[in-house]
Each structure stands twice: as structure tokens, then as C-alpha cells.
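> Each chain, written out:
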Amino acid sequence: MNILIFTILIWAASLIAGFLGALTGLGGGVVIVPLLTLVFGVDIRYAIGASLISVIATSSGAASAYVKEGFSNIRIGMFLEVATTLGALLGAFIATKLSTSVIAIIFGLILIHSSYLTIKRISESQLAIKPDPLATRLKFDGAYPVAGGSESYHVQGVPQGFSIMFLAGSISGLLGIGSGAVKVLAMDQAMRIPFKVSTATSNFMIGVTAAAGAGIYLNRGYIDPVLAMPVILGVLLGSLLGARHLFEAETKNLRLIFSAIILLLAIEMIYSGIKGYH
Amino acid sequence: MTGQKQAWTDHKVEVFIGNLLRAGVIGAALLVVLGGIIYLLHQGLSLPDFKTFKGEPQELRHVGAIIKHAFSLHGRGLIQLGLLVLIATPIARVALSIFAFSRQRDRLYVIVTCIVLAVLCYSLFGGR
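These protein sequences, in sequence, are chains L and H. Heads up: the first sequence begins at 153 in my numbering, then just goes up one per residue. Heads up: the second sequence begins at 2 in my numbering, then just goes up one per residue.
A couple of the hints might just be wrong.
[As the list claims (entries may be wrong)] In silico lysine-lysine, DSS-like type, Cα no more than 27 Å apart, as pairs:
| # | chain 1 | residue 1 | chain 2 | residue 2 |
| --- | --- | --- | --- | --- |
| 1 | L | Lys348 | L | Lys249 |
| 2 | L | Lys348 | L | Lys272 |
| 3 | L | Lys427 | L | Lys220 |
| 4 | L | Lys427 | H | Lys52 |
| 5 | H | Lys55 | H | Lys69 |
| 6 | L | Lys249 | H | Lys69 |
| 7 | H | Lys69 | L | Lys427 |
| 8 | L | Lys427 | L | Lys249 |
| 9 | L | Lys348 | L | Lys291 |
| 10 | H | Lys52 | L | Lys249 |
| 11 | L | Lys220 | H | Lys52 |
| 12 | L | Lys427 | L | Lys272 |
| 13 | L | Lys291 | H | Lys52 |
| 14 | L | Lys249 | L | Lys291 |
| 15 | L | Lys427 | L | Lys348 |
| 16 | H | Lys13 | L | Lys348 |
[Stated by the list, open to error] Covered stretches of chain H, going by a simulated chain L footprint (3 or more residues, C-beta under 8 Å):
| # | stretch |
| --- | --- |
| 17 | 16 to 29 |
| 18 | 36 to 50 |
| 19 | 60 to 68 |
| 20 | 91 to 100 |
| 21 | 107 to 116 |
Rather than coming from a laboratory, the hints here were simulated on the basis of the structure. Glycine included, every Cβ here is placed at the ideal spot set by N, Cα and C.
Work out the full structure: start from the sequences and follow the hints.
Listed below in C-alpha cells is the structure:
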């Protein structure tokens with residue numbers, strides 16, 4: 153197989169991954185690494201580098217759509233980014249110390265978790281009524297547009313949210329994924345931010361977090377242009393198409409199928425990690 | 002009234018940032034496509050080699066070297082420049098937010114945003 157065919161195949165696979173990722177809300181990044189390593193036999197370090205770049209592309213590409221809706225809370229996002237970017241630095245640093253087998257096993261475990269989250273939609277938690285002193289001082293409370301006006305919200309649990317975000321950033325830096333699911337979890341469950349606001353804010357944070365990890369990977373020589381080219385072009389086009397069909401598709405069955413694929417990839421990933429471990 | 006006006010300006014800045022990000026992504030994608038075509042025309046028939054990790058050569062690792070290398074119009078160099086533009090889009094977003102917060106005289110968030118920008122710059126320029 154020459155580079156031309158290799159590039160076209162990876163482009164097509166990334167297109168499908170980006171499309172399904174956008175439709176299910178999981179992001180295409182989560183399947184790119186297993187796809188490249190298991191199907192195309194790429195070293196996991198190159199795969200992680202290409203995946204991180206594709207995560208930045210989808211986040212920045214979707215940003216203008218999210219901004220128009222007016223849901224994202226830039227103060228919450230920026231404050232939590234202190235945690236996610238520092239976490240991403242730590243994750244990228246740890247990645248260079250661990251053997252590729254261990255990274256593959258950790259990746260598989262995170263995939264199992266993602267697969268679980270895909271089926272079990274997180275129920276929206278009750279919004280807080282009383283303001284929290286720390287959140288008030290950080291000017292987190294806000295409002296978002298609803299039909300016929302706006303709805304205000306109070307943010308809770310700042311220290312918990314910040315800690316979970318540090319973890320989300322570390323996972324992102326270690327594995328080259330957006331870890332958007334963990335980010336939404338922190339904002340939705342711990343900080344009681346309305347779902348639409350946390351989703352939009354999370355998109356904004358994913359790109360910045362991935363950029364923090366990508367800088368390190370670039371300097372270490374993990375980001376190969378020839379491999380990254382079809383991955384980002386495929387994921388970008390796929391996620392744009394996916395976002396366009398978001399409201400037409402029957403997503404319930406799709407989520408089940410996607411989560412089954414992720415579970416299979418997870419088992420493969422863990423198996424390959426154990427097999428390669430010396 | 003003033004609150005409403007401020008919210009509107011906030012939104013205007015955010016819309017500007019959103020458009021800038023989109024322009025960055027489109028520009029990056031064009032560079033990657035152009036570099037990809039040049040590369041495939043020259044090397045398309047050789048064999049891919051990603052099974053064993055060797056790491057990229059120095060001219061594809063660091064910001065200054067990548068920019069210099071891209072101007073020689075090599076396929077790989079142009080793609081890498083496109084990827085660099087892509088990495089720069091969220092960083093530009095953070096940098097512009099400093100400007101937005103300082104317009105609102107929000108010192109706390111100017112500081113918070115500067116910390117984030119410092120971490121990003123450390124990663125891109127200092128992290129080895």
C-alpha cells in the first residue's frame with residue numbers, strides 16, 4: 153500500500169469518525185487513535201499527535217456557531233482552563249514517560265467509560281437556587297437565552313469542578329482526545345451549570361486544552377504532517393456534515409451503534425496493550 | 002441600560018472571535034491541502050512508515066524552524082505550517098479575550114486569562 157492509498161483510506165475513515173462524533177456529541181477524536189493504531193498499524197505516539205490536532209480543528213471550526221447562540225460562558229471557561237491547560241501539560245509530560253503499552257491500556261479504559269456515557273445520557277441535574285459565595289466572587293452566574301427571554305443560573309461547587317477539570321485536561325494531554333464528556337460532567341454535575349451552557353463552554357475549552365498538549369507534542373516530534381493531513385481534513389469535513397444533520401437524524405440507535413463500536417475498540421486496545429507489554 | 006449595552010459589546014467581541022477562529026481553520030485547511038497535494042505528487046507512490054516511532058526532524062518541530070521550512074514550499078513543511086496555524090487559533094482566542102476583559106476593566110479575568118496564555122506559550126515555545 154503506497155502513501156496515496158494510505159492517505160485516502162485514512163481520510164475516509166476520519167470523515168466517518170468525525171461525522172459520527174458530531175452526531176452523537178462525543179467528538180471524532182475518541183475513535184481516531186484506536187482507528188490509526190489498530191486498523192492502520194500506526195505507532196500510538198503519532199496517532200495521539202494527529203488526534204490532538206483534529207480535536208483543535210473541530211473545536212475551532214464549531215466555535216462560531218456556538219458563539220452565535222449565546223450559550224457559552226466565557227468567564228467559567230477561562231477560569232477552568234487554568235486547570236485544564238495545566239492538566240494537559242502534565243498529561244503530555246507523563247505520556248513521554250509511559251510505555252506505549254500502558255498508554256494503550258489507559259486509552260482502552262477511558263474508551264469503556266466513553267462507551268458507557270454514550271448510552272446512559274446524563275440526566276440534567278437540578279439547577280441551584282441559591283448563589284454560592286466563591287462563584288459569585290468569580291462572576292460565574294449568568295443567563296442564557298430561552299424562548300421568550302432569558303433564564304438565569306447560579307454556579308455551585310467551584311473547587312470540585314476545578315479538580316475534575318484538571319483531571320480532564322490530564323486525560324486530554326495524555327491520550328490526545330478532547331475529553332469533552334468529562335468536561336461536561338464536571339460542569340453539569342458538580343457545578344450545576346445548565347446543559348446548553350456547559351456544552352457550549354466545553355467546546356470552547358476543548359480547543360484551548362488540546363492546544364496546550366499539542367505544543368508539547370509538536371516540540372517532541374510526535375506530530376507528523378503526512379499522517380495528520382488526512383486525519384484533520386477528514387474529521388473537519390465529517391464533523392461539519394454531522395453538525396448539519398444533527399436535528400434530522402434518529403440519534404438513539406446511532407448512539408447505541410457508536411457506543412458498541414467504541415466498546416469493541418476499547419477491548420482491542422487493552423488486548424493490544426497487554427500483548428505488547430514486556 | 003448600561004448592563005444591556007455591555008452585554009451587547011461582549012457578544013460583539015465574541016462574534017468577532019468566532020469569525021476569526023473560522024478564518025483560522027479555513028486558512029489552515031487550505032495550507033494543509035496545498036502541502037498535501039505537493040507532497041503526494043512527489044512522494045505518493047512511496048511506502049508509508051508509521052509503524053515505528055522515530056520522531057520528526059528538527060525543522061518540523063519548532064515554531065521558527067517550521068515557518069522557515071514552509072517558505073521553501075516543501076509539501077511536509079507547508080502541511081506543518083497549516084497545523085501550526087490550527088494550534089494558534091485557540092491561542093489567538095485566549096489572547097483576544099485579554100483585550101475583551103481589559104475593555105471591561107475586569108482585572109481578575111485579565112490575570113486569569115494571562116495565566117492561561119502563559120501556559121499555552123510555555124507549551125508551544127518552552128516545552129521540550
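> Work down the list of hints and note, for each, if the structure agrees.
Verification of the supplied hints:
For the given pair, L:Lys348 sits about 38 Å from L:Lys249 by alpha-carbon distance, which is inconsistent with the 27 Å threshold. Distance check on the hinted pair: L:Lys348 and L:Lys272 sit about 18 Å apart at the alpha-carbon level, within 27 Å; holds. A distance of roughly 48 Å separates the Cα atoms of L:Lys427 and L:Lys220; the hinted pair therefore is violated under the 27 Å criterion. Taken as a hint, the L:Lys427 and H:Lys52 pair is honoured in the structure, with Cα atoms around 16 Å apart against an allowance of 27 Å.
Under the criterion of a C-alpha separation no larger than 27 Å, the hint pairing H:Lys55 with H:Lys69 is consistent with the structure, at around 22 Å. Of the pairs offered as hints, the one joining L:Lys249 and H:Lys69 is violated, with about 31 Å between alpha carbons and a cut-off of 27 Å exceeded. The suggested pairing of H:Lys69 with L:Lys427 is violated, with an alpha-carbon distance near 42 Å, which exceeds 27 Å. Between L:Lys427 and L:Lys249, the direct Cα distance comes to roughly 19 Å. Compliance with the 27 Å bound is thereby established for this hinted pair.
Using a Cα cut-off of 27 Å, the hinted pair L:Lys348 and L:Lys291 holds, with the two alpha carbons roughly 19 Å apart. Between H:Lys52 and L:Lys249 the alpha-carbon distance is near 19 Å, which keeps this suggested pair within the 27 Å criterion. Distance restraint check for L:Lys220 and H:Lys52: the Cα-Cα separation of roughly 43 Å exceeds the 27 Å cut-off, and the hinted pair is therefore not satisfied. Pair hint L:Lys427 plus L:Lys272 does not hold up; C-alpha atoms about 31 Å apart against a cutoff of 27 Å.
Restraint check for L:Lys291 and H:Lys52: the C-alpha separation of about 49 Å exceeds 27 Å, so the hint is violated. Taking the CA atoms of L:Lys249 and L:Lys291, the gap is near 39 Å; set against the 27 Å cutoff, the hint is violated. As the CA atoms of L:Lys427 and L:Lys348 are separated by approximately 42 Å, the hinted pair breaks the 27 Å bound. Annotation: proposed proximity of H:Lys13 to L:Lys348 holds, straight-line Cα distance about 20 Å (limit 27 Å).
Check result for the stretch 16 to 29 of chain H against chain L: holds, 9 residues qualifying (beta carbon to beta carbon below 8 Å, three or more required). Coverage of the stretch 36 to 50 of chain H by chain L holds in this model, with 10 residues showing a Cβ closer than 8 Å to a Cβ of that chain against a need of three. Only residues whose beta carbon comes within less than 8 Å of a beta carbon in chain L count, and the stretch 60 to 68 of chain H has 3; three or more means the coverage holds. As drawn, the stretch 91 to 100 of chain H meets chain L at 5 residues by the rule of a beta-carbon pair under 8 Å; at three or more, the given contact holds.
Under the rule that three or more residues need a Cβ within less than 8 Å of chain L, the assignment of the stretch 107 to 116 of chain H holds, with 6 such residues.
Checked against the numbered hints listed earlier, the structure breaks hints 1, 3, 6, 7, 11, 12, 13, 14, 15; every other hint is satisfied.
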